[in-house]
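One gets this note's numbering by counting positions in the sequence shown from 1 and adding 964 to each.
These aren't lab readings, by the way, just hints derived from the structure by calculation. Heads up, a few of these hints could be off.
[To be verified] Label-pair ranges, simulated between beta-carbon atoms: (1) Arg1024 - Gly1095: 12 to 20 Å; (2) Asp1107 - Gly1204: 17 to 25 Å; (3) Asn1119 - Ile1023: 20 to 28 Å; (4) Glu1114 - Thr1194: 21 to 29 Å; (5) Thr1109 - Val1086: 37 to 45 Å; (6) Ala1159 - Gly1183: 24 to 32 Å; (7) Arg1024 - Gly1152: 28 to 36 Å; (8) Ala1161 - Ala1034: 31 to 39 Å.
What you are looking at is a predicted structure, and each value in this text was computed from that prediction instead of being measured. All residues carry an ideal CB built from backbone N, CA and C; glycine is no exception.
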Amino acid sequence: LKPIRLKASRLKAQRASALGMTCQSPGSRTRGVQRLLVALPLAGWVVCTVCILRLKSEIREIQVSVASLASQAEDPPAAAEDGEQHAPAAVAAEPGGLAQPAALAQGTPSRPHLRQLALLDVSDYLAVGPGSGCVVVNLGGHDVTLTLSERVCNNHRCPPCFLLNASWGPALRVLTLQDCSSMFVTDGHQLGSGALAGAVQPLQFVNVNDDAPAAVADGERHFLVPPGGTLEGTCMASGGNRIHAGASALSYLRPGSSWERETTGAEWRP
965 LKPIRLKASR
975 LKAQRASALG
985 MTCQSPGSRT
995 RGVQRLLVAL
1005 PLAGWVVCTV
1015 CILRLKSEIR
1025 EIQVSVASLA
1035 SQAEDPPAAA
1045 EDGEQHAPAA
1055 VAAEPGGLAQ
1065 PAALAQGTPS
1075 RPHLRQLALL
1085 DVSDYLAVGP
1095 GSGCVVVNLG
1105 GHDVTLTLSE
1115 RVCNNHRCPP
1125 CFLLNASWGP
1135 ALRVLTLQDC
1145 SSMFVTDGHQ
1155 LGSGALAGAV
1165 QPLQFVNVND
1175 DAPAAVADGE
1185 RHFLVPPGGT
1195 LEGTCMASGG
1205 NRIHAGASAL
1215 SYLRPGSSWE
1225 RETTGAEWRP
């Protein structure tokens, strides 16, 4: 009987406890609701504050990225300062050989591989503009001398591409290029100065007449350009104003003499 009584007393105690929980006073219920109403806005404020701080951090990162892109956009590689089209660009000389194209030939030291459309604009050397790629030199009745260290092509630099228009006659007509080691590569930059101090400038000569030969000289040596033929040469900033071209075109003969075709047809001689 004793275990049964203990069990009954425990059941009574449990019922009394449950009854006490369900019969709480209205005041205690009100206080619980008030606490809940106060806690909910506080929790929402904490969550919103965390979200705002995170959003500000992301905005700062975006601003830094935009500023970095803007600084890169404000410093683009410089274009050619005079808008020129150029014939074959100068090539910078390094110890042991000829290396990278001299970007200053385009007026742009930061862009050594600038694409060129060099030979599309052709003008007479007396009417050349800043964008001319080749100049026509008429050698019909007289020789022509151009001092390349000056802006002698219509007050502009002479581009390094020359179309020679010679005419048949008893005298070989000669285009003489002086001071090529300090020639103007653009209207504002000269070979042998600044970034072009050790540069090499390619030169191109085309004889547009199919009947008469022409010659190119540097003041010391003469190179033959056969009728309808071409000649490729170079001038180095450190080369003492000498034009370097193929040995087969080299002639030490006096200009102004009469020329006739050899049996090989490859050269001309008096």
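Hint numbers not upheld by this structure, sorted from lowest to highest: Numbers 1, 3, 5 and 7, in rising order.
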